[in-house]
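Asker: As a plain string of letters, each chain reads:
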Amino acid sequence: MQVIEVDNLRKQYRDHVAVQDISFTVERGEIFGIVGPNGAGKTTTVECVEGLRTPDGGSIKVLGMDPRRDGAELRHRVGAQLQESALPDRMKVWEALDLYASFYPRPADQRRLIDDLGLGDKRETTFGKLSGGQKQRLSIALALVGDPEIAVLDELTSGLDPNARRDTWDLIEQVRDGGVTVLLVTHFMDEAERLCDRVAVVDAGRVVALDSPSSLIARMDTAQRIRFRPASPLDDGLLIALPEVRSVRRNGVQVVVTGTGNLLQAVTSVLARNQIVAADLRLEQASLDDAYVALTGHAAVSD
Amino acid sequence: MTGLPRLTFMELKLFLREPLAVFFAVAFPALLVGILGSVPGFREPKQDIGGLRVIDLYVPIAIAFVLVMLSLNLVPATLATYRERGILRRLATTPVGPTALLAAQMLMSLLMAVGAVLLVLAVGRLAFDVALPQQPTGFALAFVLGAAAVFAMGLVLAAVAPSARSAQGFGTVLFFPVMFFAGLWVPRAAMPGTLRDISDFTPLGATVQALQDAAAGAWPQALHLAVMAAYAVVFGLVAVRTFRWQ
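Taken in sequence, the protein lines are chains A and B.
48 is the number of the first residue of the first sequence in our numbering; add one for each residue after it.
-2 is the number of the first residue of the second sequence in our numbering; add one for each residue after it.
It is worth saying that the hints were derived from the structure and are not from the lab.
Using N, Cα and C, we set each Cβ at its ideal position, and we do this for glycine too.
A few of these clues could be false.
[Claimed, not checked] Straight-line Cα separation of at most 25 Å, BS3-like style, residue types lysine-lysine; simulated pairs:
hint : chain 1 : residue 1 : chain 2 : residue 2
1    : A       : Lys182    : A       : Lys139
2    : A       : Lys139    : A       : Lys169
3    : B       : Lys10     : A       : Lys176
4    : A       : Lys139    : A       : Lys108
5    : B       : Lys10     : A       : Lys169
6    : B       : Lys10     : A       : Lys139
7    : A       : Lys182    : A       : Lys169
8    : A       : Lys182    : B       : Lys43
[Claimed, not checked] Here are a few chain A residues that face chain B, going by a calculated C-beta distance under 8 Å:
hint : residue
9    : Tyr60
10   : Tyr151
11   : Arg153
12   : Asp156
[Unchecked claim] Residues from chain B that keep clear of chain A, each with C-beta distances beyond 10 Å, as calculated:
hint : residue
13   : Gly0
14   : Leu4
15   : Met7
16   : Leu11
17   : Val19
18   : Ile32
19   : Gly48
20   : Leu49
21   : Tyr79
22   : Arg86
23   : Ala89
24   : Pro92
25   : Arg122
26   : Gly135
27   : Ala215
28   : Trp216
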């Protein structure tokens, strides 16, 4: 069942077009990612989904409703974590949760939420005294305190250290396992690859690809890369003749072979048949980051 | 508007955690009355100010001070901070909405203003025998209209200030002319005629005179009530048209 449907969304600001044409649907219970570089139109898209902005064209349905017209109803059922949104410095953690919980008819169990997010010993700490990671986790807690059906999370691990990022990822998986549909915006490809069931790759206001991370990676004709040092002279032609191989490159004494399918077996059997021992053999799988570069022609993280 | 009582209570708690703001807006005006009242000469009736004592004039001025601190300094800076830090936007994604926070902040400030005014009246009455307002309804009306006028101005300030810092700066700059015409440095009764005529048309000049008249037992003059109402309506409309949530 589809809980979010975005069709040919278009949004223009005074001086530039933020979203040219974006369409995607999110199924109930999945973690759906919108990935792309800064300025690709990701945040504008989810702000239209949240009803914070009015689209200039196209249509959006969230839980079958229009975010602008039925905003009052939707705000009960959709939790949001905004990029760069704070709380008053002197508000304590428990006060923030208590306040936000009071906005909803059937709030989630605050005590459990606070423990799940590892803020149990910070209940009495004021927002201004929390670390960046703790602020981010509180912000996630506030998005979930209304017990929403959909959580929209914008750049949820920006500014977190590697450990905190991993903890946050585990948490989001728990949230999904609890039955919440998650719409995630990120410019970190590793995050999208780890968390998302499906991702829409957005570049310059358009969706350039939409699939599961593994399918996007497999689609590349250089999804795998093998590096080795041949112990005896090797004729590149032997490898290029293989259907699985896309390219063969020399890197000093090292041979780098890229390709798809059962590349490793194809290469090693040719080497075995020719009695060439491959030293320091390594197989590298391409990541979503590589797929992203292949799809858009530039790197994801520009900063 | 759901959530308003909770938000107002929260705003009150947050305000009380800012000792400096609490001091200047709530305690300082009463303290000012206390200090001026300690000057013996200010407790003597003076012919040149209509047979009143200086301390009698300063009770309404201290009330004007309360209103200015809250409406032009505290509220605009707080609201601009809330906008700058995305707090209003964040609330826009909840069932409560940002208008409720705006209303809660105003309500909290009005509660504080009422508290500070009672404190000023109590100090005046108990320490220096300043009579309580003889025309309480007129006094309350003058207070409410005066508050509406300056709070509407504060909202416009919050709307047009590009940042919290500039809201604070503008508030401080506005403080001097507004309080000058309210008579903080030269009470209206001691002002030259032209200056007092100008003061009649400033929001707090009108408020102070209306409070003064009601304190003495008369109904506030129509001119002053009209001036306060006009400021409230004009600035209120401008605020509604210009306020940005993000």
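Asker: Among all the numbered hints in the text so far, which are the ones the structure does not match?
Answerer: Hints 4, 8, 9, 11, 12, 13, 14, 15, 16, 21, 22, 23 and 24 are the ones this structure does not satisfy, whereas the remaining hints hold.
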